[in-house]
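K.L.:
Sequence:
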Amino acid sequence: MAGILQMLLGVVVALIEAPCFCAFLDFAQTPHNYFERKPYWHKALLYVILSSFIVIICTGLSTFFGSGLIFVTGSLYGIMSLGKKASKEEMIAKSSSMSNLIRNNEEQKDVEAGPETQARS
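In case it helps, mature numbering (1 follows the signal peptide of the UniProt record, and there is no 0) puts the sequence shown at residues -22 to -1, 1 to 99.
Careful: at least some of the hints might be erroneous.
As the list claims (entries may be wrong) - Lysine-lysine pairs mimicking DSSO-like chemistry, simulated, CA-CA at most 27 Å apart:
{"#": "1", "residue 1": "72", "residue 2": "62"}
{"#": "2", "residue 1": "16", "residue 2": "62"}
{"#": "3", "residue 1": "16", "residue 2": "63"}
Think of the hints as simulated: they come from the structure by calculation, not from any bench. Bear in mind that the values here come from a model prediction, so they are computed numbers and not experimental data.
Construct all of the structure, not just a fragment, from the sequences and the given hints.
P.N.:
This is the structure:
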């Protein structure tokens, strides 16, 4: 059963990623066009769920390897959906603003404690 599902998943992946391999099917371009308009996390979710389902059905080595490759593809699409990493300058600016925010919060706690608490310490 898992082998049949794995072959069907392979056809689905081929239809989504490379419809030119399935040119003999009249509807080959439709899934590709649909997923090209969607964000990357749609493909990631589809690939991860379907490949995990197949591994749950049959835990053999060949099933794990075949579905694992599709799972890795889904994971890569998930990483791509996170977006581009910020530039070095943006990261420095955000980290310095966060450290200033933390320092300001600590100073506010001291002010809220009152003068008698500060005099004891």
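K.L.:
Indicate, hint by hint, whether the structure satisfies it.
P.N.:
Verification of the hints:
| no. | hint | verdict |
| --- | --- | --- |
| 1 | 72 <-> 62 | holds, 16 Å |
| 2 | 16 <-> 62 | holds, 17 Å |
| 3 | 16 <-> 63 | holds, 21 Å |
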